[in-house]
Structure formats: structure tokens, C-alpha cells
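Quick note, the sequences are listed as chains A and B, same order. First residue of the first sequence: 1, per the working numbering; consecutive thereafter. First residue of the second sequence: 1, per the working numbering; consecutive thereafter.
Hints are all accurate, no fakes.
From the structure, some residues in chain A lie toward chain B, with a derived Cβ separation under 8 Å: (1) GLY15; (2) ALA16; (3) SER22; (4) ARG127; (5) ASP131; (6) ASP286; (7) GLU290; (8) GLY291; (9) GLY458.
What the hints contain is simulated information worked out from the structure, not anything from laboratory work. These numbers were taken from a predicted model, which means no experiment stands behind them. For glycine and all other residues, C-beta sits at the position ideal for the given N, C-alpha and C.
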Amino acid sequence: MNKKSESKPTLDLEGALELSPSPERIPVTIKERYGHFIGGKFHDGADESLFETINPATKETLAHVAAATEAEVNQAVKSARAAHSKVWSKMGGAERGKYLYRIARRLQEKSRELAAIETRDNGKPIRETRDVDIPLACAHFFYYAGWADKLEYALPGRQAKSLGVAAQVIPWNFPLLMAAWKLAPALATGNTVVLKPAETTPLTAMALAEIMQEVDLPPGVVNIVNGAGATGAALVGHGDVDKVAFTGSTGVGRIIMRQIAGTKKRATMELGGKGAQIVFADAALDQAVEGTINGIFFNQGHVCCAGSRLLLEESIAEDFLERLQRRVRTLRIGDPLDKNTDVGAINSPEQYATIQRYIEVGRKEGANVWQGSATAVPDTGYFVPPTILMGLQQSDTCAREEIFGPVLSVLTFRTPDEAVKKANDSEYGLAAGVWSEKTSKLFEVAHRLNAGIVWANGYNLFDPASPFGGVRHSGFGREGGIAGLWPYLEVA
Amino acid sequence: MARTFHPADARRWRAARVDNAAVAQRVARVRTRSIKTESKLRLLKLALSMVDLTTLEGQDTPDKVQSLCRKAMHPFLEQPDLPHTAAVCVYPNMVPVAVESVRGSGVKVAAVATGFPSGQIPVPLKIEEVKRTVAMGADEIDMVIDRGAFLAGEDQKVFEEIAMVKEACGKARLKVILETGELGTLDNVAAASRLAIAAGADFIKTSTGKISPAATMEVTLVMLEAIREHYLETGVMIGMKPAGGIRTAKQALHYLVMVAETLGKAWMSPEWFRFGASSLVNDLLHQIARREDGHYASPRRFSVD
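Chain B extracted, bound-state conformation (with noise of 0.2 Å):
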């Protein structure tokens, strides 16, 4: 069933209020963090599980989203122990493509749906997406909130919005894309993070990848800030998936930092955290195999995807 809106609660989300300046002074801190070693070796390996490795592209073809998925699979045959990806995204006319390659690995299906990037669709349409791309075997579904609607203050509307793609969802995971890069204050991340919450997503994510900025450190910690207030409150866990812009080893690996001293370990595992990207992977790879090795590699040695 539906959740349904109270404006008493919209009231609450939009009262939330965050500095800015101590929210970079905080990052600044985490960026201080020098993991070395053992340590660096395990949480670029725990890094590589979380990835969404993703392709969102007009020209994406069977082929492609094939190749995508294998890599998803196996990101490094010289190091077969290596963890797969969390999953792979894609666009739901990738779905059946994806599924039938990824079967029996482990590895998730996630589509993006509800009018990517913009959303800027009638919503039978949106609900109609997410069914169809469900039905043809979705894990996952990164839908985006209507952005507009947000920030001409019509709560209900987007909260409605959410709450029924929720439940066309079904089973399928939802992840809920708030386009921070679109929202403009972190004071309205801190309310979309909330209303997102409270609508029904099992997760939340920075961006669509498409807008700039995508994730941020600093978006980022507001939002793992909300899923701590409501867990701390509800006792359930939300997952947080920062996407667009992570492209190096080491900002993941920062990412990581936050999300443990922000909400403890039960966080640090790829069903409650994920890495929305593409190029991550194989900067991951480069890394761990320079652990490894005792040498960086010639980046050509990890295939293009």
C-alpha cells in the first residue's frame, strides 16, 4: 500500500537546516583520512563490490551492455578472486539483455526509469516504465524525483509520485535519484532526502550523471545524515548510492570514510551502499593491483569495460 503525504511532515523536511561551511570544514576532514596498506587493500576490494557499474547512452547496444555485464562479472580475470560489481544499470530496453548475462552470478540489474534524466513525463507513463521494466526482470529501478515539482514547493506531488512507483516496483529495489546538482542548497537536499525517505525509497542517490555537479562529498554526507536520523528514529536502514563524477580510487575510498563514521559498519557492504559509475572500476583495479604487485600497471593491462 501507498504510503500517503502529511504536510505536517513536509513542514519538518523543509525546516531541516544545514551549514554549509561546517559541512566542507567536515569533508575537508575526511579528506584527511591516509589509509594505507592492508586497510587500503580491503576497502578498495569492498569498493569494487559496490560499484553500479552503469552505461546511459543513446548509442548503448545489446553488445555493449554485453561487454558491460562481463566485466561486471569478472572485472579482472588475472585476479579471478576479485569481487563482482554490485550491479550493473542500464536502460530499460537493456533490461532482458542484461539479465540474461548477468544470470546466476550474483550480479544485479538495475534500470534507470520514470522519464530519465528529466522525468518530465506524464506519470501513468512513469508507473507504466517501471512495471514493464520490472516485469522484464529489473533487480533494481533508479527512478528521479520531479524536480520541478520540488522546487516550486508542490511536496505532495512529488512525495505521490514516489510512494507509486514504490509500489509498481513490486519486489525491485527502488532507488530514489534526487539530481542534487539540480536542487540548488543543501538545505533542500536535507528536505528531498527526507521526503524521498518517507515516500518509500529503499534507497537514495545523488544524480543521473547527466547534470553537473553530480555527487559530491559534501551532498553526500547531508544525505547519509538523514538516512542516520531515520534510522535512528525507525530502526530501518536506507542505502545511499552517490553517482556521476567518482572516478578515482581514492575519492571512493573517501566516500567509504564518510559512510563509516557517519552510520557505523552495518553501512559498509554493498547492500547499503553503492558507487554510481563507470571509469571507477578500473582506477579500482589499477590500485589493487598495484597492492598487489608492488608496482603500478600500464592502465591499458585492464580492459576499456
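The shape of chain A in the complex, shown without the other chains (with noise of 0.2 Å):
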């Protein structure tokens, strides 16, 4: 299907735009060493139990961080609990909106500098980190701080209280949005919070942690407790915590269910995803590409709700896909602090393996694996180039398993019915696309996907006012508008 014939036509694109290096280069402070943030104070941490953050465009050591211990976790659940019993609950609606507003105000202040430390810390460009986490990290601050005095309305003629304590337990892939995702309704309710990052991106929760303290935040409300997956368990079971949220992996979040099962904590999981974007042959076509590209080759594929199918109405098939690769073959793979990097590092040693393991997987399984961009994929970190599997079927791994990463499986169908037939045949039902510029199609195909988010002729396109989450094994419960205030919400 990519094979060049000689008579045919070709663009040069690869070399057209030579660009020189474009560095952000605004100064960031990290420090060598980080522990946890717990009572609105730093604490070191246990020397025993460092780790390391890498960059994982360079393998540089960025800093070292302490993992907690069950002790630590309990201290910062007592914080926390204290926190909500004697001032953040008793407090006004009104008042604890002023402090949302306050650390969305101080997020905008410090984003060029928030933007170029998650960079290092998660390999993603500059270019989204800049346009994309910071500033919608920004807007869920900003769109919860309005609701925090109007929780009213929120639920019309009902009385709601909040839960308590709030356990949070976020990914890599969007270390600081993700905080903002958990903390903004968690606080604009009146709950208060333990939050875990992710062990390979703790960096910006830090910085979120500094910020907590200079907008005066009440001590205990928000407490942040580094570690990996023990930490994570231990914080998730403790006998003390109402409200379990998490994002990550379906198999974590199993284990979680397993874990708090029987009790009376309540959970929101955000879970994996295998979005199919469906392409019909009435879709405007080069624009469908740009939205396929925005789809999977956003943060280099790390993304919970990517487009990773892309499902082709097969009369069409071979003409959108050789648009499909010029356009990548314009994606600048590079130093993710270039201003002009499109497709950044991948976040860890292990991540990159996972992929190159489905590429093989799918190599093997009969799939015509192409790769392409602009520039030459460095050697410095670990870097995956867009990558497309054509030649899938339905049946194949790399047509069922959430790869979480640049690489999109190509699969055709014949009529919509067929479509959303393989559209839904997936374990996951977290986000979907449909690309026509046939109106009644794609509300008739909307509907009928098993998503629980559908975009029409765009991807992953977010904000805070519109509600985002997943059915079957994507998960449960929303995050964003109005409906991710319900799960922090106990309703009299």
C-alpha cells in the first residue's frame, strides 16, 4: 500500500523545512532531592527508599525521590482527615473558591516554567506542554473555583455534603493536568486530599505542592505522597479514606477494585482505551488526516482515550493512508524542548519496550509496519517514530490491546453498520471519533458507539466544562462539568 511505483508523482518533504534549533529556554529549578508534601509541609523522606526521575529524552537524572512508607501514607491521611473535619468542610463555598482561583491565577503565573520542567520530567514537547497540559490545567482550576459556592445548582433541590478524604492516584502521561483533573472538584466540593503522582513524573506535583503553600492553602487540604505502586496501595487501602480516584491502566485499576471491595469508599476510575476513529469516504479528507494525527500522535500516543484504530472505508482506504503518511512525514520527532518538536520522548525504559514489543507483536502477526517523519529519530532517550500498522485484522493483538504509544493499527470497513460493529468490538469503550461531512451519518454512528466520549470530525479536543470517562473496561464515573462534581459529592 506504501510501496512508491516509479511513475508515480512524489513530494520531497522530509528535508523541505530545515529549521534551526529553537531551545525554551526559561530557566527551571529542580531540586536534587524530593520527598513528600504532607500537613502543608515538605518532608524529606526516607533516604532508603530514593529513587530516580529521569529525562527521558537524555536518561539524565533529574532528581531523586522518596518513596512512602505505610507510616507516611497514615500521616498524610490524619492531615487530610483533620483538614477536612476542622476547616476546609466548615468553610464557605465562596472561601474556598477564592483559593481555587488563587492557585489557577499563580498556575498561569509560573506556566512557562510548570511547561518546561514536565517536559524534562515526561518527554512530551514543549509544544504541548505549553499549549496544552498548563493551560488546561489552568482552565479546571479556573471552571471548579465557579462552582465551588454554586454546588446548588449542581444538584437542584437536593442537599449534598462532601465525602471526606479523597485518595488520587494519577498517570504519567499528563502528570500535572491529571492533578488538576483530581484535585479542581475534589476541592471545589469540600473534600480534601491525598494525591500520589506518578513515580516517573513527580516533578510538577512538586512544584503544584510549592504553589499550594504560597497561595496560603489551609494546611492538610491538599498532601502529596510520592512512590510507586506500594505507596499507591497503601494509600488506596487505608482504612481512613472515603473517596478512591484513579487514572491509569485497567489491570491497576482492577487491582484497586479488588483492594477496596467491600468497603465503603467510593471510586471513579479512568481507565485504558482503544478509540477507533472512523474515516468515511464522505469525510473531508485531509482534514480527517490532520484529526487522525491529533488522535494518536498526541504526546507520542500516550494517551488514554487515543484514536489507536483507524477504521477506513475501504474505497477510500489506500488514498487516505498515503495522505495520512505525508502528513507524518512532516512530524518533527526531536528534543522535546524545541519549540519545533511534534513528537517528543517516550516517558520510560520500560514504556519503550512495551512498544517496541506490539511493533514486533504486530510485525509478526502479518502487519505492514511503517514508520516515518521529518527529522531523524535521535539516539539520546528513548523515542519512538509515528508508526502505522497496516495490513490488521479485527482478531490481531495490536487490533485489541491499548499500546500506549505512536502507533496507530489501520483496519477498513465497508458500510457504517460494519463500522460501528468493529468500533465496538473492544474490552474498552473510553473514546471514539467518527470523520464525515454528512451530518445525519455521523449522528446516527455517534449514537450508536459504545464511548463514552464521541468526537465528531476532530480528536481529542478537551475542556474542563465537558464531562470525560469511560464505559465497560475504560472504567467508571466522569471527570469534568458538571458531572465530575457528583462522585465527590455525598447527596442527602
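Using the supplied hints, reconstruct the complex from the two chains, each of which is provided in its own coordinate frame.
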């Protein structure tokens, strides 16, 4: 499908735009060591628990971070409980809102520095941290700040109160943004929080802790404990936690659900996905290409709602793939701090190995593997160029399992019915996209898709006012919008 | 021989679909490209070499046109190594003056014709105007399409007019102005681009500069995509000229990024891409001098034309 025949005209895209390096130069402060933020104070944590966080684009160590022990987790939950019962639940909504507005403004003021830290710690391009992660994190705090004194309108005619202490465990793909998604609604509704960032990306959460100090947030309202699985297990399993909010893999989600089964704890789970992007022949094809790119190569494909399955109407499949490959050949992979980088580094060696393994599995199962980019793939860190797997079938591993990388699996269909059937043929149900210029078809297909989010003629478009969440193995509960308040409220 | 019109082709052109929101998103992404240091200087000079330095005023005089030609040949005497602009663009009556002024310099003479800017004159007069303009020495003809006919669905009329003008051009290269500011939708821009290319355009051009909005990146992207489609189907390259409203070097650089990422290296040349502009030249010079000198010069350092 991607073989160039001799006579066919081709475009010289890769070398067409030579750009000098344009790195983001704002100085950032990254300490040598981080611990925990408990009761409004920073704690060093235990020396013997230290682990490293690296810059995946260079493999350099950025900082050493302490993993919280059960005792430290206990201390954090205690301080959250005390802050809830003595201060935060008694405070008026308008007052809580003020704190949220302050956090949002402080985030805005520090946005450039936060973007530069996030890009180092995560590997994602500065273009995304600057234009997506940090602005959206601010927007979430602004949005939920507005709800803090209007909760009676979120549940008209009913009385609602906060749950208590929320244990929040967040992933490494959008570290600060996921912290904002979790913290903003919890705080707006009067809950206090113990947050655990992902072990590979703790730095912006610690910067956020500094902001909590700077805005004089009452001690204990937000506590942050670092660490990996053991810390997370200690946190969600703690007896005095009222609510567990988790974003991460379906596998870990299952472990947590088993752990908290039979307790009074409420839960929301935002888990994996295998999003389908359905492109009909009557779509605006060049624009659908752009959306497909946003759907799978945004954030190196480290997006739970990534559109990792591309379902093409057979009559345009070849044409569309050629357009898609041409566009991919203009994507720049390289130094994530360079403002022109479109595709950055894979966050960790573990994830890098996972992605390579899936590409190999795809190859073995008969896929035609195509990779492209405008610039050479760097050898300094963990980089995977945009990858397209063609010739897959519905039963193949890469068409079913979440890869969580810049790997697009291409399938075809003949009729809208077949498109819906194939799109719904997944254990997951987080997000999907439909591309057609025919509105009646868009609506019909969108309503038949089994997914929490369906985008029409677009993909990976986020807004704090819009609820986000999945069905089936992609989890339950919603974040964002009015629906994002409900999981944090006890309704009388 | 003039090309012939087939209704089936017209149906295909008109079926072109463009999603405005996604075009805007793509353009916004192009605008985030950060062009610095060496690459900036290189692209600034390239942009300078792509300008069709234009004067299209009722008050144009031979002196004014001579002055424009001098600027086109030697944009900035302090830096004699800078490229000359691609062309000067004038009204037909000014062609002889322009031809005389730029002789031997490599600067082309482009002339607007076909009842520019509205095109509301009888077709035989348009053909006659083109023939005479070419006879006076114009290297390039910038014609306007009959927007009224296009909007009324008379594709055959629009097509045949372009085809006749193309024949009348002889060796002169034909740029077809769609006047996108009057076409209303990007779907129409896509359709008109395909129609003009099929009818024989060597270049497609956004605007006369007399209508607002003139060139936009959104419109230009849709036209570049039409050029790409034609090239991939036929192997024939078509040129692109956004005109009007491009005043700053930064804008020009973003256009070049879009060309590189849509059509590739072959189009990064004055042979295939032009800017219809006048004040753009001085901003390009200002930025080039900034890179050479390390600081911004007074704008008065550069002549008004």
C-alpha cells in the first residue's frame, strides 16, 4: 500500500523545512531531592526509599525522590482528615472558590516554567505542555473554582455535602493536568486530598505543592505522597479514606477495585482505551488526516483516549493512508524542549520496551509496519517515530490491546454498520471519533458507538466544562463538567 | 489549443469538501513553528526572492513604476548580495516602463489583466487586453476569474474564459486570481482552485488586493492542497500566490512553513511560490538587517519603494 511505483509523482517533504534549534530557554529549578508534602510542609522522606526520575529524552537523572512508607501515607491521610473536619468542610463555598482561583492564577503565572519542567520529566514536547497541559490545568481550576459556591445548582432540590478524604492516584502521561483534573473538583466540593503522582513524573506535582503553600491553602487540604505501586496500595487501602479516584491502566484499576471491594469507599476509575477513529469516504479527507494525527500522535500516543484504531472506508483506504503518511513525514521528532518538536520521547524505558514489543508482535502477526518523520530519530533517549500498522485484522493483538504509544492500527470497513460493529468490538469504551461531512451519518453513527466520549470531525479536544470518562473496561465515573462534581458529593 | 470543459469534471470539483474548523486548527499549528537564527535568515531571503512587488493604483505614473522596479532589482543597496524580488506587478499601461526598467536584471514583469479587479467587461475585450499586454512585454499575466459566473454555477463560462486567456498568453505564465474574499466558503475556494488548474492556470492566486479579506493562511492551505492533489494525479506542478494582507516577515515565514509541509521542497522557490505584496519587502529587509547587525535598525533606513 505504501510502495512507491516508479512513475508516481512524489513530494519531497522530509528535507523541505530545515529549522535551526529553537529550545525553550526559561531557567527551571529542579531540586536534587524530593519527598512528600504533608500537612502543608515538605518532608524529606526516608533515605533508603529514594528512587530516580529521569529525563527520558536524554536518560539523565533529574532528581531523587523518596517513596512514602505506610507510616507516611498514614500521616498524610490523618492530616487530610483533620483539615477536612476542622477547616475545609466548614468553610463557605465562596471562600474555597477563592483558594481555587488563586491556585489557577498562580499556575498561569508559572506556566512557562511548569511547562519546561513537565517536558523534562515526561519527555513530551514543549509545544504540548505549553499549549495544552498547563493551560488546561489552569482552566480546570478556574472552572471548578466557579462551582465551589454554586453546588446547590449542581444537584437542584437536593442537599449535598463533601465525602471527606479523597485518595487520588494519577498517571505519568499528563502529570500536572491529571493532578488538576483530580484536585479541582475534589477541593471545590469541600473534600481534602492525598494525591500520589506517578513515580516517573513527580516533579510538577511537587511544584504544585509549592503553589499550595504560596496561596496559603490551609495545611492538610492537599497532601502529596510520592512513590510507586506500594505507596499507591497503602493509600487506596487506608481505612480512613472515603473516596478513591484513579487514572491509569485497566490492570491496576482492577487491583484497586479488588482492594477496596466491600468497603464504604466510593470510586471513580479512568482506565485504558483503544479508541476507534472512523473515517467515511464522504469526510473532508485532508482535515480528517489532521484529526487522525491529533488522535494518535499527540503526546506520543500516551493518551488513554488515543484514537489508536483507524477504521477506514475501503473505497478511500489507500488514498487516505497516502495522505496520512505524507502528513506524518512532516512531523518533527526530537528534543522535546525544542519548540518545533511534534513528537517527543517515550516516558520510560519500560514503556519504550512495551511499545517495541507490540510493534514486533504486529509484525509477526502479519502487519505491514510503516514509520515516518521529518527529522531523524534521536539516539539520546527513548524515542519511537510515528508508526502505522497496516493490513491488520480485527483479531490481531495490536487491534485489540492498548499499546499506549505512537502506534496506529489500521483496519477497513465497507458499510456504516460494519464500522460500528468493528469500533464496538473492544473490551474498552473510552473514546471514539467519526469523520464525515454528512451530518445525519455523524449523528447516527456517534449514537451507536459504545464509548464515553465521541468526537465528530475532531479528536482529542478537551474542555473542563465537558465530562470525560469511559464505559466497560475503560472505567466509570466522569471528570470534568457538572458531572465531575457528583463523584465527590454525598447526596442527602 | 484551449482545454475543453467536461461537466463531469465540474461535478467532481464542486464535490470538494473542506472542514473549516480543522483547517483553522492546522493553520494554528503552523503558526506555532518557531523559526530562529540561521533558518530564519535563509527563509527571509527566500521570501524576499518570492515577492511580486506590486503597485496597482489609479495614480500610478511611469516614475512611480520605475521607482518600484529599482526597489525590486536592488531591495537594499547596503546589502548588494540580497536576492532581487521575483517580479514587479503593474497595470497593463505600465508594462513598457517596467520592461525597460528591469531589463537584464532577472526581475519579471507581471501585469494584471482581464478587466482587473472586477473582471466585469466583455470576454473579447479581456482576450484583447491580455494579447496586447503580452505584446508589450509582460512575462506573466494575473487574470481574475468571473466570480459572478462561478457563484451562479456557470462553471463552463469560468473555465472557458480561463482557457481562452491561457491561449492568449502565449509564452507568458498565467496566474489565475480566484478572489477568495468574494467566494464565501472554503468549499468554493477548493472548487475554484480545481477549476482554474484544469482550465490551464500556471499559478493560482488568492486575491486582487482590492477586496477584504485578501490572502489568509486558511484559504492558502486549501489552494495548496488542490495543487498537491493535481500534482499527485498528473505530475504537473502548479504555482501558488497569496496576495494582499501579507505585511510582516513573520506572516511570510509561516506561509513558507505551510508550503514546505504541504508541497515539499520543490515549491520552495520563486518559480513556484510568490507573495503578492508591497510593504512586506521592507519588513523582510528590516528582519534581515536585524540578523546581520544584531539589532533593529530604524525603519527609515529602508526606502519607501
